[in-house]
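Given chain A's structure and the hints, the job is docking chain B with the ligands onto it.
Residue numbers (the numbering used here), protein chains in the order written: chain A, 1 to 371; chain B, 1001 to 1371.
No lab work stands behind these hints, which were simulated from the structure alone. Model, not experiment: these values are computed from the prediction. Ideal Cβ positions, reconstructed from N, Cα and C, are used throughout, including at glycine. Errors might be hidden in some of the hints.
Computed cross-link-like contacts, DSSO-like style, restricted to lysine-lysine with a CA-CA straight-line distance of at most 30 Å [as the list claims (entries may be wrong)]:
| hint | chain 1 | residue 1 | chain 2 | residue 2 |
| --- | --- | --- | --- | --- |
| 1 | A | K39 | B | K1323 |
| 2 | B | K1054 | B | K1039 |
| 3 | B | K1240 | B | K1154 |
| 4 | A | K39 | A | K54 |
| 5 | B | K1032 | B | K1054 |
| 6 | B | K1323 | B | K1154 |
| 7 | B | K1039 | A | K323 |
| 8 | B | K1323 | B | K1240 |
| 9 | A | K240 | A | K323 |
| 10 | B | K1240 | A | K32 |
| 11 | B | K1039 | A | K154 |
| 12 | B | K1032 | A | K240 |
| 13 | A | K32 | A | K154 |
| 14 | A | K154 | A | K323 |
| 15 | A | K54 | A | K32 |
| 16 | A | K39 | B | K1240 |
| 17 | A | K240 | B | K1240 |
| 18 | B | K1039 | A | K240 |
| 19 | A | K39 | B | K1154 |
Anything over 10 Å on all C-beta distances counts as not near chain A; from chain B, calculated [stated by the list, open to error]:
| hint | residue |
| --- | --- |
| 20 | A1018 |
| 21 | H1068 |
| 22 | A1083 |
| 23 | A1159 |
| 24 | H1221 |
| 25 | L1285 |
| 26 | R1297 |
| 27 | T1341 |
Protein chains: 2
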Amino acid sequence: MTQSVIPVNLPQNAYEIALASDSLDRLGSWIKSLNLGRKLMLVSNPTVFGYYGKRAVASLETAGFEVHHHLFPDGEEYKTLDAVSQLYDAALEVGLERNSTFIALGGGVVGDMTGFAAATWLRGINFIQVPTTLLAMVDASIGGKTGVNHPQGKNLIGAFYQPSLVLIDPIVLGTLPEREFRAGIAEVIKYGVIWDADLFRQLEAAKRLASPSDISNQLLHEILMRSCQAKAEVVSQDEKEAGLRAILNYGHTIGHAVESLTGYTELLHGEGVAIGMIAASRLALALNLWSAEEDARQAQVIGNAGLPTTIPPGVDIDAILAKLQTDKKVKDGQVRFVLPTSIGHAIVSDRVPPDLIHETLASLQKETVQT
Amino acid sequence: MTQSVIPVNLPQNAYEIALASDSLDRLGSWIKSLNLGRKLMLVSNPTVFGYYGKRAVASLETAGFEVHHHLFPDGEEYKTLDAVSQLYDAALEVGLERNSTFIALGGGVVGDMTGFAAATWLRGINFIQVPTTLLAMVDASIGGKTGVNHPQGKNLIGAFYQPSLVLIDPIVLGTLPEREFRAGIAEVIKYGVIWDADLFRQLEAAKRLASPSDISNQLLHEILMRSCQAKAEVVSQDEKEAGLRAILNYGHTIGHAVESLTGYTELLHGEGVAIGMIAASRLALALNLWSAEEDARQAQVIGNAGLPTTIPPGVDIDAILAKLQTDKKVKDGQVRFVLPTSIGHAIVSDRVPPDLIHETLASLQKETVQT
Ligand SMILES: NC(=O)c1ccc[n+]([C@@H]2O[C@H](COP(=O)([O-])OP(=O)(O)OC[C@H]3O[C@@H](n4cnc5c(N)ncnc54)[C@H](O)[C@@H]3O)[C@@H](O)[C@H]2O)c1
Ligand SMILES: NC(=O)c1ccc[n+]([C@@H]2O[C@H](COP(=O)([O-])OP(=O)(O)OC[C@H]3O[C@@H](n4cnc5c(N)ncnc54)[C@H](O)[C@@H]3O)[C@@H](O)[C@H]2O)c1
Ligand SMILES: [Zn+2]
Ligand SMILES: [Zn+2]
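Extracted from the complex, chain A is given alone in its bound form:
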């Protein structure tokens, strides 16, 4: 059995990511080794709890914990303060104490909300992540960002709060809808481009990446381990997002704009990121930051993952440009882009000429019409 433990070396809150097949059945013993309190609240949604709730609860009870559970409704639209408030009520009802623990079993939505509740119940209780989507495994569960949406904007309410443990069981990806899997692969490709050239080469070698069945268990383990490592390294060098962490936004500047202009319904987040990476790569090429060959290699891998590489026809280019101006990442009117300089390296730049952005976006839309 392959097992990896990836340290997240935050100055004040060091913890580990445990990665192993069927580790879900060892959740209880892992937590036991952390010496937390006896009372746990497992938080999930009906979809994920239906698949994995029993196993998680059994493992926790076998280890001697007093296990309660609470389910949020499934969906980003329920990622609200109101839903967290209901979790507070549940916490009160079962009498969670300062040494009690919230466990998030689910994707990024369950993880972000449960983390926020853990950060704010009794001014902070223990928190453990058991991510069940690829996106949550390689991205959302690492780095300490927690929170909920405001009716008028995503993730506006939240806190930085670190878990005591992230436990990843790759087996659970078997039930994940393939489109969600591919959306997670977009973030994996991102790490390859901005941080880990070896990871990129492994993705390249795999040819198809569009479903877990395209990938050997060995490669899946490698992908998860290297992606977690990449994110852990970046966030431990910049816990509160003061500098370096910005490179994790590779593909996200234009990605977010396109996501939001399609009303967050047409595209999954990872699909927006895929389009954004294609665009950023073109910008880097035009600015002579990297080569046509590198641009093509990235496009190939994104294509192999079955991810979109062009801007949906309905989306207006000027609307994207306007949207970029309202982005949180704008500084003094200059849009900030993460641009690759070679496979495995990226920089942040706020000097991309607006004309070039327009031209690049237009070229990414024309191609749609041609195909």
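The following block gives chain B with the ligands in isolation, referenced to the frame of chain A:
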């Protein structure tokens, strides 16, 4: 003009408490020196804003800030997640950004709620405290505890979050209801007993302490400075309440129980603390931890401040004992008490015999009947 700057030396979040008469008029220039963003949201309630809003806004605008304001309704009953949620809406409406600042102008209620909003809006923006009650000046504004009440319990939802500055203008105490002033004096006496024998002697020398008019400006400044110093020293040695900080709960174990049994309406928090200090002192005496003379000196100072020294007749002693068992500070069924060992020193003990607690409480109630 007397001015003191008290450093709060937290390992990660060092900041200063600025204490000076009429410093409210220099709020803008103080904040300017911190190099925060241009946009501010002043948060208060109608009572306090009616007295001091204009001056605060004028000072901030003169310093060149873009100033917005939001008022919570006045009262502990509005210290809710719902009220904070309305502040989020206001923050969104005026477009607060990551480098923007929430300023709390008010007592502990406004401070706790505004601090919680600052901790959680955009995962944390700048926060400044301008406490206007004595309790908020010497206690609530220092130490980073922020939060709101849950319908079923006080301060259950919250976060640790430090301000960038605490600015204290003692002049504003002139409009504070005298009973609120006395409630604050209870916490001041607490610091004298557990931490600062010099402060205690100054209080002793003052004879009457029941209203700001009983006290010279010089002594008021001294009281504020030494109290802030005491709290700052304790919390910077124990930011997240792992050990030492427990001594700040002197008088609070029985105080909280009595407060809650009188429905949080008959007694102000500081009045409960006064009764709790009398009780804890008696326990210390019975346990031979300190002397009858010290017990009498403390009772004298509490009396001089016009604070209650006996348990209200309606309160059932067994109900207090039952309440103590549900206290957050209970560990393995043993109630934890902070007990003074000499003026200026206290210890934490979970070995007070239940019989002794009962007896002591009963003696504190009998006296009421006799008077
Ligand atoms: N905290 C961070 O740093 C961070 C980073 C990126 C994204 N996010 C957040 O994460 C959220 C998106 O997360 P997500 O993509 O995981 O979406 P999600 O949590 O909504 O999960 C996607 C869908 O898959 C289902 N699902 C989850 N695991 C499954 C499994 N093993 N088998 C079958 N179905 C399963 C879920 O019920 C859901 O319907 C967004 O709210 C985003 O803001 C947070
Ligand atoms: N964060 C902490 O560490 C901490 C510590 C102790 C207490 N608290 C919290 O503080 C709260 C109590 O604070 P408080 O005692 O300041 O009560 P408060 O904030 O309710 O203020 C008391 C009353 O005085 C009024 N007021 C305030 N300043 C005034 C002024 N200068 N002139 C005239 N009126 C004025 C207020 O409008 C209010 O009606 C509680 O919610 C408690 O939980 C927090
Ligand atoms: Zn992303
Ligand atoms: Zn108190």
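Hints, verified against the model:
1. Distance check on the hinted pair: K39(A) and K1323(B) sit about 22 Å apart at the alpha-carbon level, within 30 Å; holds.
2. Under the criterion of a C-alpha separation no larger than 30 Å, the hint pairing K1054(B) with K1039(B) is consistent with the structure, at around 17 Å.
3. Taken as a hint, the K1240(B) and K1154(B) pair is honoured in the structure, with Cα atoms around 18 Å apart against an allowance of 30 Å.
4. Distance hint between K39(A) and K54(A) is fulfilled; the C-alpha atoms sit about 17 Å from each other, no more than 30 Å.
5. For the hint linking K1032(B) to K1054(B), the alpha-carbon distance of about 18 Å falls within 30 Å, and the restraint holds.
6. Proposed proximity of K1323(B) and K1154(B) is supported: the alpha carbons are some 14 Å apart, at most 30 Å.
7. A C-alpha spacing of about 22 Å is found between K1039(B) and K323(A), which places the hinted pair at or below 30 Å, so the restraint holds.
8. The straight-line distance between the Cα atoms of K1323(B) and K1240(B) is roughly 25 Å, inside the 30 Å bound, and the hint therefore holds.
9. Restraint check: the Cα-Cα separation between K240(A) and K323(A) comes to about 25 Å, which is no more than 30 Å; the hinted pair holds.
10. A distance of roughly 23 Å separates the Cα atoms of K1240(B) and K32(A); the hinted pair therefore holds under the 30 Å criterion.
11. Taken as a hint, the K1039(B) and K154(A) pair is honoured in the structure, with Cα atoms around 21 Å apart against an allowance of 30 Å.
12. A hinted pair counts as satisfied when its Cα atoms are at most 30 Å apart, and K1032(B) with K240(A) qualifies at roughly 23 Å.
13. Taking the CA atoms of K32(A) and K154(A), the gap is near 35 Å; set against the 30 Å cutoff, the hint is violated.
14. Pair hint K154(A) plus K323(A) holds up; C-alpha atoms about 15 Å apart against a cutoff of 30 Å.
15. A distance of roughly 18 Å separates the Cα atoms of K54(A) and K32(A); the hinted pair therefore holds under the 30 Å criterion.
16. The hinted pair formed by K39(A) and K1240(B) meets the criterion: a straight-line CA distance of about 21 Å does not exceed 30 Å.
17. Straight-line distance between C-alpha atoms of K240(A) and K1240(B) comes to about 19 Å, which keeps the hinted pair within the 30 Å bound.
18. Distance restraint check for K1039(B) and K240(A): the Cα-Cα separation of roughly 21 Å lies within the 30 Å cut-off, and the hinted pair is therefore satisfied.
19. The hinted pair formed by K39(A) and K1154(B) meets the criterion: a straight-line CA distance of about 21 Å does not exceed 30 Å.
20. Here A1018(B) stays apart from chain A, with its beta-carbon at least about 25 Å from theirs, past the 10 Å limit.
21. The claim that H1068(B) lies off the interface holds: its Cβ sits roughly 17 Å from the closest Cβ of chain A, which is beyond the 10 Å cut-off.
22. At the 10 Å boundary, the C-beta of A1083(B) stays outside the reach of chain A, the nearest C-beta of that chain being 12 Å off.
23. A cut-off of 10 Å between C-beta atoms contradicts the statement that A1159(B) is not in contact with chain A; the least separation is 6 Å.
24. H1221(B), annotated as away from the interface, keeps every beta carbon of chain A farther than 10 Å; the closest lies near 32 Å.
25. The Cβ of L1285(B) sits about 31 Å from the closest Cβ of chain A, beyond the 10 Å cut-off, so the non-interface label holds.
26. The non-interface label for R1297(B) is consistent with chain A: the shortest C-beta to C-beta separation is roughly 35 Å, beyond 10 Å.
27. No beta-carbon of chain A comes within 10 Å of the beta-carbon of T1341(B); the shortest separation is about 27 Å.
The earlier numbered hints that this structure contradicts are 13, 23.
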